[in-house]
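Listed below, chain by chain, are the residues.
There are 2 protein chains.
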Amino acid sequence: MSIQDEMRQVKLASPKLAAADGETRNRALQAVSEALQAEREAIFEANREDMEQAEQDGVPGPILKRLKFDEGKLRDVIAGINDLIHMPDPLFQTQLARELDEGLVLKRVTCPIGVIGVIFEARPDALVQISALCIKSGNCVILKGGSEALRSNKKLFTTIYEAVLKAGLPENCMMQLEARSEISELLECHASVDLLIPRGSNAFVQYIMDHTKIPVMGHADGICHIYVDKDADLDKAVPIIFDAKTQYVSACNAVETLLVHHDIAGDLMPRLKAALDEKQVELRGSRAIAELIDCEAATERDDATEYLDYILSVKTVSDIQEAIDHINYYGSHHTDCIVTENAAAAERFMDLVDSAGVYQNCSTRFADGYRYGFGAEVGISTGKLHARGPVGLEGLLSYKYKLYGQGQIVADYASGSKTFCFRDL
Amino acid sequence: MSIQDEMRQVKLASPKLAAADGETRNRALQAVSEALQAEREAIFEANREDMEQAEQDGVPGPILKRLKFDEGKLRDVIAGINDLIHMPDPLFQTQLARELDEGLVLKRVTCPIGVIGVIFEARPDALVQISALCIKSGNCVILKGGSEALRSNKKLFTTIYEAVLKAGLPENCMMQLEARSEISELLECHASVDLLIPRGSNAFVQYIMDHTKIPVMGHADGICHIYVDKDADLDKAVPIIFDAKTQYVSACNAVETLLVHHDIAGDLMPRLKAALDEKQVELRGSRAIAELIDCEAATERDDATEYLDYILSVKTVSDIQEAIDHINYYGSHHTDCIVTENAAAAERFMDLVDSAGVYQNCSTRFADGYRYGFGAEVGISTGKLHARGPVGLEGLLSYKYKLYGQGQIVADYASGSKTFCFRDL
Numbered sequence: 228m229s230i231q232d233e234m235r236q237v238k239l240a241s242p243k244l245a246a247a248d249g250e251t252r253n254r255a256l257q258a259v260s261e262a263l264q265a266e267r268e269a270i271f272e273a274n275r276e277d278m279e280q281a282e283q284d285g286v287p288g289p290i291l292k293r294l295k296f297d298e299g300k301l302r303d304v305i306a307g308i309n310d311l312i313h314m315p316d317p318l319f320q321t322q323l324a325r326e327l328d329e330g331l332v333l334k335r336v337t338c339p340i341g342v343i344g345v346i347f348e349a350r351p352d353a354l355v356q357i358s359a360l361c362i363k364s365g366n367c368v369i370l371k372g373g374s375e376a377l378r379s380n381k382k383l384f385t386t387i388y389e390a391v392l393k394a395g396l397p398e399n400c401m402m403q404l405e406a407r408s409e410i411s412e413l414l415e416c417h418a419s420v421d422l423l424i425p426r427g428s429n430a431f432v433q434y435i436m437d438h439t440k441i442p443v444m445g446h447a448d449g450i451c452h453i454y455v456d457k458d459a460d461l462d463k464a465v466p467i468i469f470d471a472k473t474q475y476v477s478a479c480n481a482v483e484t485l486l487v488h489h490d491i492a493g494d495l496m497p498r499l500k501a502a503l504d505e506k507q508v509e510l511r512g513s514r515a516i517a518e519l520i521d522c523e524a525a526t527e528r529d530d531a532t533e534y535l536d537y538i539l540s541v542k543t544v545s546d547i548q549e550a551i552d553h554i555n556y557y558g559s560h561h562t563d564c565i566v567t568e569n570a571a572a573a574e575r576f577m578d579l580v581d582s583a584g585v586y587q588n589c590s591t592r593f594a595d596g597y598r599y600g601f602g603a604e605v606g607i608s609t610g611k612l613h614a615r616g617p618v619g620l621e622g623l624l625s626y627k628y629k630l631y632g633q634g635q636i637v638a639d640y641a642s643g644s645k646t647f648c649f650r651d652l
Numbered sequence: 228m229s230i231q232d233e234m235r236q237v238k239l240a241s242p243k244l245a246a247a248d249g250e251t252r253n254r255a256l257q258a259v260s261e262a263l264q265a266e267r268e269a270i271f272e273a274n275r276e277d278m279e280q281a282e283q284d285g286v287p288g289p290i291l292k293r294l295k296f297d298e299g300k301l302r303d304v305i306a307g308i309n310d311l312i313h314m315p316d317p318l319f320q321t322q323l324a325r326e327l328d329e330g331l332v333l334k335r336v337t338c339p340i341g342v343i344g345v346i347f348e349a350r351p352d353a354l355v356q357i358s359a360l361c362i363k364s365g366n367c368v369i370l371k372g373g374s375e376a377l378r379s380n381k382k383l384f385t386t387i388y389e390a391v392l393k394a395g396l397p398e399n400c401m402m403q404l405e406a407r408s409e410i411s412e413l414l415e416c417h418a419s420v421d422l423l424i425p426r427g428s429n430a431f432v433q434y435i436m437d438h439t440k441i442p443v444m445g446h447a448d449g450i451c452h453i454y455v456d457k458d459a460d461l462d463k464a465v466p467i468i469f470d471a472k473t474q475y476v477s478a479c480n481a482v483e484t485l486l487v488h489h490d491i492a493g494d495l496m497p498r499l500k501a502a503l504d505e506k507q508v509e510l511r512g513s514r515a516i517a518e519l520i521d522c523e524a525a526t527e528r529d530d531a532t533e534y535l536d537y538i539l540s541v542k543t544v545s546d547i548q549e550a551i552d553h554i555n556y557y558g559s560h561h562t563d564c565i566v567t568e569n570a571a572a573a574e575r576f577m578d579l580v581d582s583a584g585v586y587q588n589c590s591t592r593f594a595d596g597y598r599y600g601f602g603a604e605v606g607i608s609t610g611k612l613h614a615r616g617p618v619g620l621e622g623l624l625s626y627k628y629k630l631y632g633q634g635q636i637v638a639d640y641a642s643g644s645k646t647f648c649f650r651d652l
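Keeping their order, the protein sequence lines are chains A and B.
For the first sequence, position 51 matches number 278 in my numbering, and the numbering has no gaps at all.
For the second sequence, position 100 matches number 327 in my numbering, and the numbering has no gaps at all.
Since the hints were derived computationally from the structure, they do not count as laboratory data.
Bear in mind the structure is a predicted one, so any value in this text is a computation, not a measurement.
Treat the hints with care, since some could be wrong.
As the list claims (entries may be wrong) - DMTMM-like cross-link-like pairs, simulated, lysine to aspartate or glutamate; straight-line CA separation at most 20 Å: (1) B:243 x A:549; (2) B:243 x A:574; (3) B:334 x B:552; (4) A:440 x B:415; (5) B:243 x A:552; (6) A:440 x A:462; (7) A:645 x B:462; (8) B:645 x A:462; (9) B:243 x A:448.
Claimed, not checked - Pairwise CB distance ranges, derived in the manner of DEER restraints: (10) A:231 x B:297: 51 to 59 Å; (11) B:320 x A:462: 32 to 40 Å; (12) A:536 x B:429: 46 to 54 Å.
What the hints assert, rightly or not - A few chain B positions that, by computed beta-carbon distances, are all more than 12 Å from chain A: (13) 243; (14) 444; (15) 564; (16) 577; (17) 586; (18) 638; (19) 650.
Beta carbons are placed, not taken as given, at the ideal position from N, Cα and C, and that holds for glycine.
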């Protein structure tokens, strides 16, 4: 069977999975949790083989760390599955119930999106998390993980898929792609796939967005800003900037550009430079900044660059409006922060900056599903349609309108012989 | 200034409009209502010129009827604006408020999508409705109406835009395109336009979807089905099918394919044919149907055709599952109905059919924002992301996450020196 035909089978399975009750889906999650425990040694063995191969191939340390699937990570994913089991069923929830006329009742009820394709980095724990979120939300899933995790993913997928089938979920409700070449087939399957969630480098996500008709949820760039207002408390500003830049430089929610009100730049910059020097952060400053501290010269290109590295561009602004305009123009609408003690300035910034996350006095690194209390996330969206920001269970839902009648026809309402009452129930 | 530059100005206006308070937006709606009254004669005159031109050009009757903007239509749109004024403000609504830790508060707050491009048919009243929905929801709008309404639209747009500026909305919050050639420029402006809503023929909507990177909300096909179950009440089935087919044949929610349980086909078909003969509806039947009544022969092509005409394809199915599978395969996920007295069969159909609207015992023609009690609609979406089905005010909203801190940094939570509390407020 071709990949395209297999995906069509997944599409055909999706209404069946959508109709599976919450108890069945929870039973499937329970079965997954037990199967992962039962198969632990074989999973660890497959992961050891992946790790050996990756080490031979000279894969860098941080990627090896993500690739590793050990006792600790197994415990974490199983804890995550147990959390999901105890969450209320997101499906079949009535969002609206309205009597349109006597005996004509409209209900808006949550349902899954259908078939979700997720392309993710070489992290075996991500495969488990994504699968669990999709099972809980009644979505069929097509998984393509990073190739370094091939053996681990194969074993994890087989373990999970067999467990959910035994628990009563429909055949073909999950599918795994293994070869990188299969991604292009996935991108063409807009008849079978309702949503794509690509994770990974900007260039990769942008490639996906440019080469498919399937709706894509996610983000390419993450150019996050911190604006230090004239009414900032510098005792807060310095640690916030230090954390947002250095706590994990390669994250999409790390700060890349610092905007400083010119009244406060003389106080802030020497203190900030001293702090960032500890981590050898390279500062690229505008002319006004270069007059205050020793730094590289920034160009306009820096304004539009996501470094993902120990580099920070800094410029002064003459007022809050200039900061807002800069962020809306150069930013990626991900997460942007104002440091200020002035509540009115904070509200103005938060209302006018057009980003998924707008923060006052805290690190941009908080932009994350776990830290928002969503349990887990499938990604972060910088789009403004459907889900925005960190996307958890709720972002994997759609709804349908159910209308219950007793023979009503539109002609009676068009002629005026009947009229709508619109009474919310 | 080029069209592209003008659209960039609209994009720049969008955060300002997003921050305008509800009172200002309602004052703008009030000003629009008054200006339309004040300019009524000039508007009617522009419309008379459009009507004369259209008649000379041989534009067909039903389109002329939509093009006309008279006393009655003015009254209707003004009533619609007044309804909107009295609706609660959809913006700045807190959807989630959660303390993540002491002094670290997350809020999810509704906000507009930003800049919405609407391409619509030659109906001047649609221009007023769409503008009013966008003003209420704080969205900037780029309007391109059907060319037959050029003069009416120009006068209406100027009247509305001048009124909202005087009421305090930001400059460039609305823009009108006049030439058809400007549509292609609109399609390329993905940096300035957040959402496109095209209305019109399937071919036109499909063209838009295929030629832009901007997210598109709407529907191309509307292949709606009615399935008459073996437990159907034929006294309901016949009028429902008659209404769904003939009440307005060129609507997207008109029925195009009828599926009949074979046990009941012998009773239903002669009665149905007698009713539909009144309106000269052409029936195209499968072989089993052709044995029961006099009809044309249907081919598989009929299964996938939206006639928008007095034509109905009919086939028998051996059970409800066959009907569900047919609808999910050939349908357009718009609106599909089961006629049955059996509640379990109805629930099964409504859970398994993957459409925006799933109905029991009523006409598919009810799929409409006004009939759902939404006040007005900008369109009907057959996609499953963001809004689905008839799209009213709510479908024009997004949200942003606001995080209020007091200097919190992620390093403290990563090291375990602080922990999240996650307390919903």
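Structure-based check of all given hints:
1. B:243 x A:549: Status holds; Cα separation ~14 Å.
2. B:243 x A:574: With a Cα-Cα distance of about 13 Å, the restraint between residue 243 of chain B and residue 574 of chain A holds, given a limit of 20 Å.
3. B:334 x B:552: violated, 43 Å
4. A:440 x B:415: Roughly 16 Å separates the two Cα atoms, so the pair holds.
5. B:243 x A:552: Holds, because 11 Å separates the two Cα atoms, which is no more than 20 Å.
6. A:440 x A:462: violated, 48 Å
7. A:645 x B:462: holds, 19 Å
8. B:645 x A:462: The given pair, whose Cα atoms are some 19 Å apart, holds under the 20 Å limit.
9. B:243 x A:448: Status violated; Cα separation ~24 Å.
10. A:231 x B:297: 51 to 59 Å: Once the Cβ atoms are compared, 53 Å apart, the range 51 to 59 Å for residue 297 of chain B and residue 231 of chain A holds.
11. B:320 x A:462: 32 to 40 Å: holds, 35 Å
12. A:536 x B:429: 46 to 54 Å: Holds - the Cβ-Cβ distance for residue 536 of chain A and residue 429 of chain B, about 49 Å, lies within 46 to 54 Å.
13. 243: Residue 243 of chain B is in fact no farther than 12 Å from some Cβ atom of chain A, at 7 Å.
14. 444: At roughly 8 Å from the nearest Cβ of chain A, residue 444 of chain B sits no farther out than 12 Å, so the non-interface label is violated.
15. 564: violated, 8 Å
16. 577: violated, 5 Å
17. 586: violated, 4 Å
18. 638: The claim is violated: residue 638 of chain B sits with its nearest Cβ about 5 Å from chain A, within 12 Å.
19. 650: violated, 9 Å
Of the numbered hints stated above, those contradicted by the structure are hints 3, 6, 9, 13, 14, 15, 16, 17, 18, 19, listed in ascending order.
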